[in-house]
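Engineer: So the chains spell out like this:
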Amino acid sequence: MVKVKKEEDKAILSEFLSFDGKDLFIWILPLSFLFSIWEAVVTIGIMPSDLCPPPSKVFETLLFRLGSPEFIAAILRSFLNISFGILLALVAATPLAILAGLRIGFDSSVTPLLMLVGGLPDLAILPLAILWFGPETSAILMATLCAFFPIFFTVRTGVREIAPDFFQVLMIFHPGKFNELREVILPAITPHLITGLRLSLDFVWEVVLAVEIVVRVAGIGSFINISAEAGAIHDAFAGIMAIGFLSIALDRLLFGFLENRVRKWQ
Amino acid sequence: MDSLSQIEVEDVTKVYRFKGTEFPIIKNVSFKVKKRDFTCIVGPSGCGKSTLLKMMAGLEKPTYGAIRFEGERIKGPHPKISMVFQSFALFPWRTVLQNVELGLEGKHLSKTDRLRIARELLEMVGLKGYEDSYPKALSGGMKQRVGIARALAVDPEVVLMDEAFSALDEYTSAALREDILDIWRDTGKTFILVTHNLREAVEMAEDVIVLSSKPTTVRRIVKIALKRPRHSDDPDFVRIHKDLYRLLREELETTMVRYRLRRIKELREVEDIEKMEDEN
Ligand SMILES: Nc1ncnc2c1ncn2[C@@H]1O[C@H](COP(=O)(O)OP(=O)(O)OP(=O)(O)O)[C@@H](O)[C@H]1O
Ligand SMILES: [Mg+2]
Numbered sequence: 001m002v003k004v005k006k007e008e009d010k011a012i013l014s015e016f017l018s019f020d021g022k023d024l025f026i027w028i029l030p031l032s033f034l035f036s037i038w039e040a041v042v043t044i045g046i047m048p049s050d051l052c053p054p055p056s057k058v059f060e061t062l063l064f065r066l067g068s069p070e071f072i073a074a075i076l077r078s079f080l081n082i083s084f085g086i087l088l089a090l091v092a093a094t095p096l097a098i099l100a101g102l103r104i105g106f107d108s109s110v111t112p113l114l115m116l117v118g119g120l121p122d123l124a125i126l127p128l129a130i131l132w133f134g135p136e137t138s139a140i141l142m143a144t145l146c147a148f149f150p151i152f153f154t155v156r157t158g159v160r161e162i163a164p165d166f167f168q169v170l171m172i173f174h175p176g177k178f179n180e181l182r183e184v185i186l187p188a189i190t191p192h193l194i195t196g197l198r199l200s201l202d203f204v205w206e207v208v209l210a211v212e213i214v215v216r217v218a219g220i221g222s223f224i225n226i227s228a229e230a231g232a233i234h235d236a237f238a239g240i241m242a243i244g245f246l247s248i249a250l251d252r253l254l255f256g257f258l259e260n261r262v263r264k265w266q
Numbered sequence: 267m268d269s270l271s272q273i274e275v276e277d278v279t280k281v282y283r284f285k286g287t288e289f290p291i292i293k294n295v296s297f298k299v300k301k302r303d304f305t306c307i308v309g310p311s312g313c314g315k316s317t318l319l320k321m322m323a324g325l326e327k328p329t330y331g332a333i334r335f336e337g338e339r340i341k342g343p344h345p346k347i348s349m350v351f352q353s354f355a356l357f358p359w360r361t362v363l364q365n366v367e368l369g370l371e372g373k374h375l376s377k378t379d380r381l382r383i384a385r386e387l388l389e390m391v392g393l394k395g396y397e398d399s400y401p402k403a404l405s406g407g408m409k410q411r412v413g414i415a416r417a418l419a420v421d422p423e424v425v426l427m428d429e430a431f432s433a434l435d436e437y438t439s440a441a442l443r444e445d446i447l448d449i450w451r452d453t454g455k456t457f458i459l460v461t462h463n464l465r466e467a468v469e470m471a472e473d474v475i476v477l478s479s480k481p482t483t484v485r486r487i488v489k490i491a492l493k494r495p496r497h498s499d500d501p502d503f504v505r506i507h508k509d510l511y512r513l514l515r516e517e518l519e520t521t522m523v524r525y526r527l528r529r530i531k532e533l534r535e536v537e538d539i540e541k542m543e544d545e546n
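Sequences listed follow chains Y and D, in order. The working numbering applies: residue 1 is where the first sequence begins, and numbers increase by one. The working numbering applies: residue 267 is where the second sequence begins, and numbers increase by one.
If you're looking for bench data, these hints aren't it; they were derived computationally from the structure.
If we take Cβ atoms under 10 Å as the criterion, some of the chain D residues that face chain Y in the derived model are:
1. G324
2. P343
3. S348
4. P358
All C-beta atoms in this analysis are idealised placements derived from N, C-alpha and C, irrespective of residue type, glycine included.
Can you make the complete structure from the sequences, with help from the hints?
Structural biologist: Shown next as structure tokens:
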């Protein structure tokens with residue numbers, strides 16, 4: 001059984017890495033169209049190339065920078081801030097969300113409070129966070145804060161939507177408190193969790209970049225900021241493009257993978 | 267305790283509380299089911315048949331009264347009592363085969379035995395070849411059959427079935443009913459089937475418990491002493507079916523007439539008030 005599962009996983013993974021025919025087209029066509037227009041606009045001189053370098057120059061810079069340890073370190077740094085932030089949020093939000101979804105009493109005492117905190121603009125807390133935890137830890141904690149709410153609210157919805165009959169089926173056929181979690185709650189919330197993680201990834205990128213730029217914590221955000229200030233516009237663009245590619249890769253690898261697993265039954 | 271009866275429903279009342287008010291769903295229901303009996307429960311739609319069955323399964327508690335299984339009060343689900351759900355309630359993340367295996371996973375069985383049992387039952391309900399499909403790919407009738415296979419896989423002594431044949435087309439349900447009757451005859455399991463199909467009740471049951479609604483009580487228990495196999499064109503079959511039909515129709519009509527009378531009375535009162543206001 002375990003073996004079969006592994007093979008399934010492999011099949012899904014390879015299906016996804018070998019973007020076949022149609023997929024390739026959908027991705028490449030509009031992208032290259034956009035780049036051609038951009039290239040043309042700069043070459044003709046509508047945009048001055050010292051304010052906006054042509055994409056060919058940006059790619060060149062990106063390739064060059066990928067060979068430099070500082071650039072790689074900056075990307076890695078941001079990536080780790082994001083990953084740790086999301087991971088912490090996942091660990092904190094999921095159990096709370098499951099409880100809130102199952103127990104109305106818990107939900108009505110905790111959720112309004114969370115809504116209040118979640119309603120604040122995340123960056124409002126930043127100065128205090130820096131004061132208390134220092135800039136480095138703040139980047140991670142701000143990421144956690146941002147990732148918490150999408151995960152909490154999507155998972156809570158997921159738990160609420162579970163048909164009561166499912167728990168009754170379990171009581172008859174496979175009783176046990178732990179089974180409720182393993183056999184019903186976790187599989188049922190997986191699609192919601194994917195949505196929550198995806199949303200939180202968007203939010204977290206923004207806040208982590210903001211922290212890096214504002215507080216000058218090492219990372220791809222501060223790389224972009226420093227390059228722009230120094231007039232190395234092509235470097236700034238290369239940084240932005242690196243973020244773009246990283247986001248796509250994360251989305252496809254992480255969520256595409258999970259989504260394909262869920263799509264089998266959903 | 268009556269040594270012959272396996273399940274005893276004793277003066278059971280079920281009340282739902284909503285916004286501080288109590289709504290009795292089932293009131294003072296009593297009946298007994300003998301071991302190896304085939305009992306059908308029929309009654310108007312929404313009268314509490316599923317609730318009654320879930321109380322027998324130990325999934326819900328009677329507000330008053332008690333339900334006993336082999337002399338012991340049922341306090342929660344019992345390993346010897348299994349159930350087919352009206353809503354199917356298959357886990358969408360499990361394949362058809364894995365759904366049927368669910369009840370076997372907590373038992374001390376080898377993986378091969380588990381698979382063998384699950385496959386056999388799927389074959390019996392006519393779903394060979396669908397083992398690895400997910401429920402989303404099945405029709406309502408097919409899902410119902412998976413639910414039946416799941417309930418039988420645990421080899422229970424009592425099978426509670428909530429409208430187990432209702433989602434099936436006529437041909438499939440007839441075939442499956444015969445299979446269930448074979449299992450009943452061969453294994454000596456006790457079956458309790460909730461249905462709204464009176465012909466089905468006459469075909470399958472030894473006893474038919476007719477419920478009346480508002481509030482729900484036992485209106486009558488009808489013994490069906492026809493020889494098996496039963497044929498729906500047999501004059502005795504037709505007569506019993508007609509009697510049952512009349513019984514249930516009276517029930518429906520009284521509730522409907524009562525309802526209409528109440529509405530008419532309410533409307534009259536409103537008119538009277540308006541008239542009085544006009545005169546003043
Ligand atoms: N949890 C609940 N809270 C309040 N009322 C409920 C609850 N569950 C069921 N009821 C009510 O109890 C009554 C009986 O429901 P039940 O599902 O047992 O009826 P039924 O005879 O099985 O109906 P059907 O013929 O549609 O299957 C219904 O009027 C329903 O609204
Ligand atoms: Mg029902």
